[in-house]
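Each protein sequence line maps, in turn, to chains A and B. Those letters in the first sequence? Residues 133 to 833, per this note's numbering, in order. Those letters in the second sequence? Residues 409 to 615, per this note's numbering, in order.
No wet-lab data here; the hints were simulated from the structure. Don't take every hint at face value.
Unchecked claim - With the Cβ distance kept under 8 angstroms, some of the chain A side facing chain B (calculated, not the full set):
1) Ala359
2) Ile390
3) Thr397
4) Val398
5) Leu402
6) Leu418
7) Gly779
What the hints assert, rightly or not - DMTMM-like, lysine to aspartate or glutamate: derived pairs with alpha carbons at most 25 angstroms apart:
8) Lys582(B) with Glu734(A)
9) Lys537(B) with Asp410(A)
10) Lys364(A) with Asp446(B)
11) Lys585(B) with Asp285(A)
12) Lys582(B) with Asp285(A)
13) Lys585(B) with Asp599(B)
14) Lys506(B) with Glu427(B)
15) Lys365(A) with Asp728(A)
16) Lys365(A) with Asp581(B)
17) Lys208(A) with Glu792(A)
18) Lys585(B) with Glu433(B)
19) Lys364(A) with Glu699(A)
20) Lys582(B) with Asp732(A)
21) Lys364(A) with Glu427(B)
22) Lys364(A) with Asp285(A)
23) Lys208(A) with Asp285(A)
24) Lys364(A) with Glu434(B)
25) Lys423(B) with Asp581(B)
26) Lys582(B) with Asp505(B)
27) Lys365(A) with Glu427(B)
28) Lys365(A) with Asp446(B)
29) Lys364(A) with Glu734(A)
30) Lys501(B) with Glu427(B)
31) Lys365(A) with Glu433(B)
32) Lys585(B) with Glu734(A)
33) Lys208(A) with Glu672(A)
34) Lys365(A) with Glu434(B)
35) Lys423(B) with Glu734(A)
36) Lys364(A) with Asp581(B)
37) Lys364(A) with Glu433(B)
38) Lys537(B) with Asp417(A)
39) Lys208(A) with Glu434(B)
Even glycine gets a Cβ: it sits at the ideal position worked out from N, Cα and C.
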Amino acid sequence: MSHFLDMLFGRLGWDALPFWTMLQDHSTLSIINGVIATAAASMVVIGALVTFGLITWFGKWRLLWSDWLTSVDHKKIGIMFIVISVVMLARAVIEASFMRAQQAVGLDGGFLTVDHFGQFFTTHGTIMVFFMAMPFLTGLINYVMPLQIGARDLSFPVMNSISLGLTAAGAAIVMISLMFAPFSTGGWSGYPPFTELAYSPDAGVDYWIWAVTLSTLSSTLSGINFAVTIYKKRSPGMHLFRMPLFCWVSLCTAILMIFGMPPLTVATALLALDRYLDFHFFTTDLGGNMMNYVNLFWAFGHPEVYILILPAFGTFSEVFSTFSGKRLYGYNTLVIATMAIAVLSFTVWLHHFFTMGQSAHVNAAFGIATMLIGIPTGVKVYDWMLTMYRGRIRMSVPLVYALGFIVLFVLGGLTGIVLANPSVDYQVHNSLFLVAHFHNMLIPGTLFGMLAGTNFWFPKAFGFRLDERWGYRAAYSWIIGFMLAFFPLYALGLLGMPRRTVTFFEPAYLPWTIAAGCGVIFILFGGFSLCVQLWRSIRERHLNRVPVGDPWDGRSLEWSISAPPPEYNYPVIPQIYSRDAFMREKDEGTPYQRPDRYQDIEMPANSAMGVVIAATGFLMAFGLTWYMWWLVIASGVVALVAIILRGFVRNTSRIISAREVQETHERWLDIVNHTPGVSRAQEQTTANRGRALPPINGASQ
Amino acid sequence: MTTPTSRYPGLNLGKGHAEADNACEELVFGFWVFMMSDLILFGLLFGIYVTMLGATAGGPGPHELFEMKSAFIETMLLLTSSFTFGMASLALKYRHDKGRLVAWLVVTLLLGLAFIALELHDFSSMASKGGVPSRSGFLSAFFGLVPLHGLHVTVACLWLVALLAQIAIYGLDKGVKTGLIRLGILWHFLDIVWIGIFSLVYLGGLT
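Use the sequences and the hints to build the structure in full.
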C-alpha cells in the first residue's frame, strides 16, 4: 500500500503544505511565515473556486470553451495572454510589497525567514519576467500587429493557441507552488551550483526549471509566428518601410525571441539533466563547469532585456505621434535604431558577470559594446521628443505614462552606462544599485509601455474607452511610487547593501529602506486604481462606447475598422499607399469607403490543441517536479498522440459567407454615417463615439 | 538555378501543385525559421562539448570510447537516407505514380531506423566501457548533444510514419504534400547536424 502511494504521489508529502512547518515549529517567526504562506495558498484556492463558481453560476462554460479557450483568433488569444499577465502582476506586486516591508523593518531581524524571503524574490523575478512581462507584450503584439499590417490572423493560428497554452501551464505551475511548496530560492537566474541537487535537493528548483522551460517554448513559438506573419501576411502595398513602428519592434522582438530563447531552453534542460539523470554539466565535481550555465543564461538574458523593452518602445512611438497629432519624427532612424539595438543585444551578455573571472581586456570589450547600445537608444529618445516638438499635444493617460517613461528611462539608462564600466561594476555589482537600475529600466520601460498600450488600444478591443480619471490616478501613482520605491535603492547600493538580503545590521540603511517601503504604498494605490479604472469603465461602458472605432484620431490601419473589430478584421483586405495609411485616407476625405464587392472569407477553425497542450504541459511539469513518473508518461503520451492526430485533421478552416460579411460591414457603415464627429479636445468625454473630426486648419501634419 | 518562380527556399512544388504550392510559401518559410531556432540549440551544445572536451575527470575519453567504424557507417546511412528522401521529393514534384514516392519514403524510413539502431548500439557499447553521462563533464556534454540528434531523427521517423498513414487515408492531398516538403527540410537539416557531430564530436574528439 505504501509502495503504491509512493508511486502515486512521488515525493509529494504532507510537508509540502504551506502550514506544515508552522504545526511542527511553534516559534513566532515560523508561525508568522506559516500564516503568510497559508494565506497566499488560500488566495489561490479561493480565487480558483470563485472563478469556477461564477462561470458555473452564469452558465458560461460552453461560451468560455467555444468562444475563448479553443478560439484561434489572434485578438482573443492576445486578450487571454494579457489576462494571465495581469493576474500574475497582482501576485508579484504583492510579493514585492512583502519584501519591501521586510527590509523596512529588517534591521537586526524582520518578520520573514531566510528561506521564505528567498522564495519571495525568486518567484517575484520569475513571474515578472516570464509570466507578467512576456505574456503582456506577447498579448499586445498578438492583438495589434496583425491589425496594423492589414492581416486577418497570424500565419499559424493554432500554434498561437499552443503558445498561449504553454504560457498558461507555466503560470499555473508557479501558482500551484503556493499550495504545494516550496518554490526555488535560487533567484530568477537560478545559478548553479546552488540550484544543483547537492545544494537544493527539494522540489523548488524543479518547479522553477519547468515553469521557465514552458515559458521559453511558448515564446520561441510566438517569435516564429510573429516573424512569419510580418514577412508574409502584409496587405498589398504595405512595404516594410510603410509599417507602423509598432510592427517594426514586433519584428525585432520576434527575431530576438527566435534566437534568444533557445539558450535558456538549453540552460534549463541541461540543469534538469544534472538534477534528474546525474549529468555533470554545472556541478562542482567530475568536470562540471558552472560558467557554461552563466554564459548560456545571459546569452538568453540580454536579448531578453530588449524583448522586454522593444514592444514598449513601439507602443510609445504610436502614443507620442497620435497624441501630438503629428507624423512620427525620424521614422527611418527609429527603424534603424531598433534593428541596431536588436543586433547589439547579442554582443553584450558578458556585462552581467564582469566579476566572474574574465581578463580585463574581455571586460573592456563588453563594456564598450554595452555603452554602444546607449547610442541608438538615445536616438530614439530624441526622435520621440522631436515628435512632440511643435505638435498639438493632448494630455491623455497613455501620454502620461509615456512622459513618465521618457524621463525615468533616461535616468535608468544613465545608471546603466555607469554599470557598463567594469571597474565601477566591481564596486556595485550584486548590490541594490543593480536592483534599482534594472527596475528603473523595466518599470518605466516595459510596464509603463504595456499600461500605456492597454489604455491606448482598449477601446479598439472592447468598444469602449477606459475611465480617464482613475487612469490618471493610476499613472501618477505608479510614477511617484516607482521613484519613491527605487531611487532609495541607488543610495543603498552605493552604501554597500547587497541585493537579496533578508536582514541587515547597518543602521544607516534604515531611513532608505523605510523610504522605499513608503513607495510601495503608492504603487499599491496605483494597482488599486487600475482595478477601479477597469471596474468603473465596465460599469459605465454604455456611456463610453466608441463603435466607429477611431477614438484618438489614430493614424494606422487598426483604427479604420469597427471597435471591437469583426473576427476577420477587414471585410476587404486594404490596399496601402503610404505610411500612416488611415490618416492619409482621412486627410483625403476618403475613409469608411463602401467596397465594390465582398468575397467569402476563409478563417481558421477552432482547435482544442491549445487546451490539450496546456493541460498536458502542466501535468507533465507537475509530475516531473514531484517525481510522479506515471503522470509524466501519461501526459507525455497524450500530448504526443494529440500532436500526431492533429496532422490527420483536414477541415482546418471555415468559411464566412460574403453575405454575412456584407451585412456586418454595412450595418457598421450605417453607424459610422449616423455618428457625429468629435474634436480632439472632446475625445475624453462621452461625446466621443469613435469618429474623429479632422483638426482645425493647419494643425495636422 | 533559381528561377523567378521559386517562392520558398528548397525544392518548390511548382505550378502543377497550385494549392499546395501556395500553402507552402508560409509554411515552409515558417519551418525554416523554426530550423534556425533549432540550430541554435545544436550550436550551443556543440559549444558546450568543445569547452568540456578535457573535462574527463579521470574517466574514459574519446580514444577509449569512440568507434570510428560504426560512426562512419552511421554517417553513410544518414547521407544515403538524405539522397533517398531527395528522390522521394522529386517523385512528389514530378507526379510519378504514388507507388514510387511511397517506396522511396519507406527506404528512407528504414535507413533512419537503421541509423537509430546502430546509434543505440554505440551508446550501449560506450556504457559497457564505463562511458556513462554521470561519469564526467565530458561524457555529459557528449550525451547532451548526440542523443538529442538521435531524438530528432526518431521524431522525424515518427512524422514519416504519420505521413505514410496520411497518404494511405487521404492520398496525395495538400496536407500530405506540405508535410513532406517540411519533413524533407528537417531530414536534410539533421543530416547537416550529423556531419557537424561526425567532424566535431568524433573526429575533433580524437585529434
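Hints versus structure:
no.: 1; hint: Ala359; result: 6 angstroms, holds
no.: 2; hint: Ile390; result: 5 angstroms, holds
no.: 3; hint: Thr397; result: 7 angstroms, holds
no.: 4; hint: Val398; result: 5 angstroms, holds
no.: 5; hint: Leu402; result: 6 angstroms, holds
no.: 6; hint: Leu418; result: 4 angstroms, holds
no.: 7; hint: Gly779; result: 5 angstroms, holds
no.: 8; hint: Lys582(B) with Glu734(A); result: 16 angstroms, holds
no.: 9; hint: Lys537(B) with Asp410(A); result: 18 angstroms, holds
no.: 10; hint: Lys364(A) with Asp446(B); result: 21 angstroms, holds
no.: 11; hint: Lys585(B) with Asp285(A); result: 23 angstroms, holds
no.: 12; hint: Lys582(B) with Asp285(A); result: 21 angstroms, holds
no.: 13; hint: Lys585(B) with Asp599(B); result: 21 angstroms, holds
no.: 14; hint: Lys506(B) with Glu427(B); result: 18 angstroms, holds
no.: 15; hint: Lys365(A) with Asp728(A); result: 23 angstroms, holds
no.: 16; hint: Lys365(A) with Asp581(B); result: 24 angstroms, holds
no.: 17; hint: Lys208(A) with Glu792(A); result: 21 angstroms, holds
no.: 18; hint: Lys585(B) with Glu433(B); result: 13 angstroms, holds
no.: 19; hint: Lys364(A) with Glu699(A); result: 20 angstroms, holds
no.: 20; hint: Lys582(B) with Asp732(A); result: 21 angstroms, holds
no.: 21; hint: Lys364(A) with Glu427(B); result: 17 angstroms, holds
no.: 22; hint: Lys364(A) with Asp285(A); result: 11 angstroms, holds
no.: 23; hint: Lys208(A) with Asp285(A); result: 11 angstroms, holds
no.: 24; hint: Lys364(A) with Glu434(B); result: 7 angstroms, holds
no.: 25; hint: Lys423(B) with Asp581(B); result: 15 angstroms, holds
no.: 26; hint: Lys582(B) with Asp505(B); result: 16 angstroms, holds
no.: 27; hint: Lys365(A) with Glu427(B); result: 17 angstroms, holds
no.: 28; hint: Lys365(A) with Asp446(B); result: 24 angstroms, holds
no.: 29; hint: Lys364(A) with Glu734(A); result: 17 angstroms, holds
no.: 30; hint: Lys501(B) with Glu427(B); result: 13 angstroms, holds
no.: 31; hint: Lys365(A) with Glu433(B); result: 11 angstroms, holds
no.: 32; hint: Lys585(B) with Glu734(A); result: 21 angstroms, holds
no.: 33; hint: Lys208(A) with Glu672(A); result: 22 angstroms, holds
no.: 34; hint: Lys365(A) with Glu434(B); result: 9 angstroms, holds
no.: 35; hint: Lys423(B) with Glu734(A); result: 22 angstroms, holds
no.: 36; hint: Lys364(A) with Asp581(B); result: 23 angstroms, holds
no.: 37; hint: Lys364(A) with Glu433(B); result: 8 angstroms, holds
no.: 38; hint: Lys537(B) with Asp417(A); result: 21 angstroms, holds
no.: 39; hint: Lys208(A) with Glu434(B); result: 22 angstroms, holds
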